[in-house]
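**Student:** Produce the complete structure using the sequences and hints provided.
Single-letter residue listing:
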Amino acid sequence: MSVGSALPHESAALHVTGHALYTDDLVHRTRGALHAHPVCSPHAHARVTRLDPTPALEVAGVVRVLTAADVPGVNDAGVKGDEPLFPDEVMFVGHAVCWVLGETPEAARLGAAAVEVDYESLPSVVALTEAIEVGSFQGGRPVVGRGDTERALAEAAHVFSGTTEMAGQEHFYLETHAALALVDEGGQVFVQSSTQHPSETQEIVAHVLGLHNHAVTVQCLRMGGGFGGKEMQPHGFAAVAALGATLTGRPVRLRLTRTQDMTMTGKRHGFHAQWRVGFDDAGRLQALEATLTSDGGWSLDLSEPVLARALCHVDNAYWIPHVLLHGRVARTHKTSQTAFRGFGGPQGMLVVEDVLGRCAPLLGIDPIELRRRNFYVAGQTTPYGQPVRHPERVLRAWEQVISTGEVARRSAEVAAFNASHAHARRGLAMTPVKFGISFNFTAFNQAGALVHVYKDGSVLINHGGTEMGQGLHTKMLQVAATSLGVPLGRVRLAPTRTDKVPNTSATAASSGADLNGGAVKDACEQIRHRLVDLDRGRGLPWEELVREAYFTRVQLWAAGFYRTEGIHWDSTVMQGHPFKYFAYGVAATEVEVDGFTGAYRTRRVDVVHDVGDSLSPLVDLGQVEGGFVQGAGWLTLEDLRWDESDGPGRGRLTTQTASTYKLPSLGELPGELNVAFLDRAHEDGVVFGSKAVGEPPLMLALSVREALRQAAAAFGPPGTSVDLASPATPEAVFWALERARGSRDHHLVEGLPGVVPDRPDPAAPRLHPRSEQVAPVHVPSEV
Amino acid sequence: MSDPHVTVNGQDRPLAGLPAHTSALDLVRGLGLTGAKEGCAEGECGACAVLVLRPHGDDSRWTPVNACLVPAVALDGQEVLTAEGLGTPDDLHPVQSELAERGGSQCGYCTPGFVCSMAGEYYRPDRPEGFDLHALSGNLCRCTGYRPIRDAADALGPPPGSDALAQRQQRSAPGPVPTRTDGFVRPLDLAEALALLGEHPDATVLAGATDLGVEVNLRGRRPTYVVAIDRLPELRELSTGDPIEIGAALTLSEVEATLGAEVPLLDEVWPQFASPLIRNGATIGGNLGTASPIGDLAPALLALDASVVLVSSRGEREVPLSGYFTGYRETARRPGELVRSVRVPRPLPGLTAFHKVAKRRYDDISSIAVGFGLDVVDGTVVRARIGLGGVAATPIRALATEAALEGRAWARDTVEAASEVLRGEGTPIDDQRASAAYRSAMLGNALRRLWAETTGGSR
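If you're matching them up, the sequences are chains A and B in order.
Numbered per this note's numbering, the first sequence spans residues 1 to 783.
Numbered per this note's numbering, the second sequence spans residues 1 to 459.
Everything labelled a hint here was simulated from the structure, so no lab data went into it.
One or more of the hints may lead you astray.
[Said to hold, decoys possible] Pair by pair, the computed Cβ-Cβ distance ranges are:
id, chain 1, residue 1, chain 2, residue 2, range
1, A, T129, B, A411, 55 to 61 Å
2, B, G407, A, G751, 55 to 61 Å
3, A, E120, B, R314, 32 to 38 Å
4, A, S121, B, A411, 56 to 62 Å
5, A, D88, B, T224, 34 to 40 Å
6, A, A68, B, P201, 45 to 51 Å
Everything numeric in this text was worked out from a predicted model, so none of it was measured.
Even glycine gets a Cβ: it sits at the ideal position worked out from N, Cα and C.
**Tutor:** As structure tokens, then:
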């Protein structure tokens with residue numbers, strides 16, 4: 001049985017020897033490729049008043065400059081019509097106004113420097129708070145509501161209000177964006193792209209070129225990391241390469257440098273939240289009112305669905321009887337923020353964990369107990385109307401972590417340590433995760449696969465998902481081998497291409513294995529059924545059976561299809577049953593904070609995570625651990641800074657290199673990291689009883705932030721409530737512990753009216769189902 | 001003089017015709033060895049790491065470096081290994097099989113770089129303490145969270161005696177060769193180097209390229225005439241007499257290995273200074289030559305009262321480090337002069353410490369760095385030297401704080417008063433690394449922390 005075996009990544013031997021190929025490695029196997037380099041705006045917001053490419057053409061080795069005039073189709077790189085590929089109004093520092101093609105990267109770079117562009121500077125909005133002040137918003141403003149928050153707050157025993165701000169996060173996939181385009185025989189455009197969404201890359205390339213989709217093929221061999229950053233962002237780069245290839249007749253390679261990638265492409269949304277919360281005397285949540293504003297950057301991109309998911313995760317694992325959640329997307333002159341592992345879920349959850357972490361000391365209830373007391377129980381529904389199935393799994397995971405993580409003993413040790421050390425404090429915190437699985441937008445929850453059995457009995461599978469390191473291909477090989485009943489070595493997987501499986505969804509929303517696994521299994525079962533019928537109980541060996549099938553004209557290949565059943569969603573009212581199921585997890589984290597500097601170490605982490613019946617335990621373990629560390633990076637270390645001054649650098653990302661934007665390194669690995677999968681976790685109706693695992697573990701890292709909060713509070717008197725900035729860098733922790741030492745001011749307002757969240761504007765547009773749809777189809781006039 | 005060439009994975013490869021700014025990474029990728037990747041082009045992520053055979057006494061060592069920073073022509077005559085040269089998918093190297101089997105690769109993009117860093121440590125002889133995980137602090141992985149990489153490293157035993165790469169280390173590395181291409185010269189002795197610099201006063205001096213490589217890659221710098229000095233024998237000597245004299249062209253890794261625990265303050269600096277991939281390239285002279293206001297070595301050397309020996313065709317002179325830095329990235333070094341060595345006088349201060357404050361524990365640029373060198377005799381501070389980085393346009397001495405300590409009892413109230421003075425030293429600024437207020441607070445707390453640590457007051 002292959003499914004359930006702990007196998008290494010299917011490309012591991014290629015990875016470690018340098019033999020695995022990524023998009024940009026192909027340029028060394030492609031004769032005569034040209035190299036593309038952007039001309040980027042130095043302004044946060046400006047009108048292009050003159051663009052003269054002729055000086056670039058005088059640079060040795062420059063072949064062509066691509067401008068808006070060259071676009072035969074639609075000059076737009078997005079799906080909403082708000083992202084001109086070659087803009088005449090630049091909307092952020094780094095916005096590309098044109099691209100230079102050169103014989104060498106050096107020629108293209110020098111050519112780009114020679115292009116003359118005049119700008120007329122326009123007013124800009126940079127900080128999220130600035131956008132809120134001046135009312136700079138874009139897109140729909142959804143509201144999730146249940147009950148009567150106003151009355152419930154008025155009747156609650158304890159009411160607190162405050163604001164919570166959190167920064168975004170740079171994906172920092174190690175492989176920057178890359179595309180290599182060429183024109184094949186018969187005018188067929190072939191684009192190799194580092195993309196999580198080949199079908200959408202294909203569609204955008206086609207509409208930019210004015211071609212039907214069938215004239216464009218996109219292939220993704222594998223990505224050097226994606227994390228959501230290659231869901232929507234690769235399209236424009238692929239289109240530029242494809243446009244260059246069609247105009248010059250030569251292959252065109254486009255690869256961003258790290259600084260280009262960081263300054264030109266979208267990131268996780270930073271969020272701002274205003275909230276009021278009511279508790280009863282026992283600390284049970286009575287009501288939560290909140291306005292969440294995300295920093296969408298210059299265009300909508302995926303900001304609306306990200307916001308929708310954020311609102312759908314403010315409850316996390318907690319029952320809140322009365323809820324009013326209001327969301328809006330700020331428009332700022334920054335990169336267009338986009339999908340990033342968790343897709344708004346982490347930001348939504350951070351709000352409620354921040355609320356609980358800050359209020360627990362004021363309620364006089366231990367944070368671990370406060371959280372547990374508020375867990376969903378069977379029969380309750382989320383604020384958006386979906387019954388919470390298996391809520392007991394959170395409690396089971398919680399109790400398992402308390403037991404295997406020796407939380408009681410260690411909490412006592414933490415207290416003893418804190419009582420006996422003058423300059424250091426420890427904190428031990430636990431947080432739960434409940435994460436909804438499926439695309440909110442129902443139509444995306446479908447997938448296709450193509451499975452071939454060749455006459456020699458070997459099997460080749462194609463499916464619509466892309467491999468970015470998450471182990472999807474490993475799982476698909478296992479699903480195919482098990483479904484066909486053949487050894488794993490008999491099955492091979494071919495790279496993802498749009499001419500093999502059409503109309504695919506992004507490999508996103510953690511859904512890759514659920515959807516594509518369903519489709520691969522369907523295709524394999526079709527073949528298997530035919531072969532079983534043919535065998536008629538003789539028990540022929542596989543090779544013989546396959547040979548006989550061919551000679552008796554039994555079809556040895558099949559197209560598989562899968563759609564997730566039982567889900568529905570109405571985004572105009574933000575109600576429905578958008579998720580097939582919830583993935584659950586619990587983490588306990590212990591940290592130690594140095595009182596002199598605010599520097600800290602994560603001493604120990606214990607995780608119990610619900611992956612259903614694991615398809616591939618080593619892969620799933622990697623997703624849990626990697627997600628946790630990436631989440632910890634977002635919450636503690638990774639510090640996006642933008643120049644918000646009125647100086648000449650306004651709008652510039654000041655952390656645009658690896659030397660200024662720091663990811664977790666091996667030194668941030670917790671001293672002890674124990675991960676267990678929740679047992680008895682079979683999930684009905686999902687491929688082999690498994691659960692999605694890509695995103696949910698990232699949010700386990702909220703326990704790190706809460707542990708830091710508790711450690712900082714321990715520098716003050718008992719009952720100190722700490723307001724901790726996010727990311728909780730050493731500096732942020734230092735200021736938090738200084739405040740804790742200095743006073744009992746807790747930065748929360750007690751009682752009503754308090755901080756009143758900005759109210760939904762009844763006239764504001766709601767989300768529209770189209771918010772999450774792909775582009776209006778551009779049909780070329782004639783073919 | 002033969003045309004420049006380099007041995008890559010055992011195959012001889014020509015270097016002729018490459019401009020001086022072409023990196024070793026572009027070279028190997030151009031050969032179709034695409035395992036080494038560009039992740040950041042500034043020596044921060046390690047995805048480009050390759051192994052270079054470097055001299056080590058009479059033996060040699062496979063030494064991992066960032067190929068994105070090293071100019072290809074600087075490797076003339078040397079031996080280079082990439083991940084492809086260590087093993088193949090059908091015949092994995094032990095480092096590769098441990099990583100592969102334990103889930104040490106997910107997207108795989110950083111993996112060949114990790115393989116090279118890990119192999120460098122694997123081949124370090126005499127490591128009874130096991131695998132030093134610091135060897136991997138210059139490699140970033142965005143997928144795994146590092147636990148399986150750590151486990152793979154911990155699982156590695158010593159290489160078998162039959163291992164050809166281990167055996168290769170028992171013979172000497174190729175010596176320097178006199179490279180001369182269009183725009184790049186490697187002289188073989190100091191006199192020749194100084195003569196070249198005399199003729200070309202605006203020449204770019206190349207040592208480990210860990211600074212120049214960043215300028216080339218990120219800021220488009222294209223030096224027209226490069227003089228490589230990193231293998232000059234006169235600049236590669238180290239004496240532990242009085243003074244301790246450290247040759248400018250020794251890499252920080254070489255200084256670390258040769259000095260051992262001889263200078264406890266420097267021993268405290270090394271693990272906090274960038275990453276092994278950088279320390280394997282960066283030289284002590286280069287660190288002072290580029291005169292970063294932050295560079296972590298300068299605050300420590302200031303605390304040790306070090307001086308710099310400058311040499312030119314007109315002779316040598318010794319400049320105290322406290323007078324060496326003259327402005328933002330400016331020094332007392334004149335055109336045509338080279339840093340020959342760094343001198344550290346004996347006796348060394350009795351009480352030393354290096355406090356670095358940064359966002360990340362390892363391989364991060366300091367928000368501030370403080371080097372302490374105190375002599376406490378019979379409970380009185382008789383001499384204080386405090387070097388600061390990150391709080392002014394140059395590394396500086398905390399002169400007012402030194403005065404507030406000297407002649408006073410090493411006691412809590414002295415420390416408190418001096419900490420308040422230290423807090424006001426320099427002119428710290430707000431930037432993306434830290435606020436000015438935090439930098440000042442950290443200055444003050446550095447001395448308090450030293451007091452707490454040295455008096456057992458940490459409990």
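**Student:** Does each hint fit the structure? Answer for all of them.
**Tutor:** Hint by hint, here is what the structure shows:
1. A:T129 <-> B:A411: 55 to 61 Å: 47 Å, violated
2. B:G407 <-> A:G751: 55 to 61 Å: 57 Å, holds
3. A:E120 <-> B:R314: 32 to 38 Å: With a Cβ separation near 56 Å, E120 of chain A and R314 of chain B fall outside 32 to 38 Å, so the hint is violated.
4. A:S121 <-> B:A411: 56 to 62 Å: About 59 Å separates the Cβ atoms of S121 of chain A and A411 of chain B, which means 56 to 62 Å holds.
5. A:D88 <-> B:T224: 34 to 40 Å: 39 Å, holds
6. A:A68 <-> B:P201: 45 to 51 Å: With a Cβ separation near 48 Å, A68 of chain A and P201 of chain B satisfy 45 to 51 Å, so the hint holds.
In summary, the structure is inconsistent with hints 1, 3 from the numbered list given earlier, while agreeing with the others.
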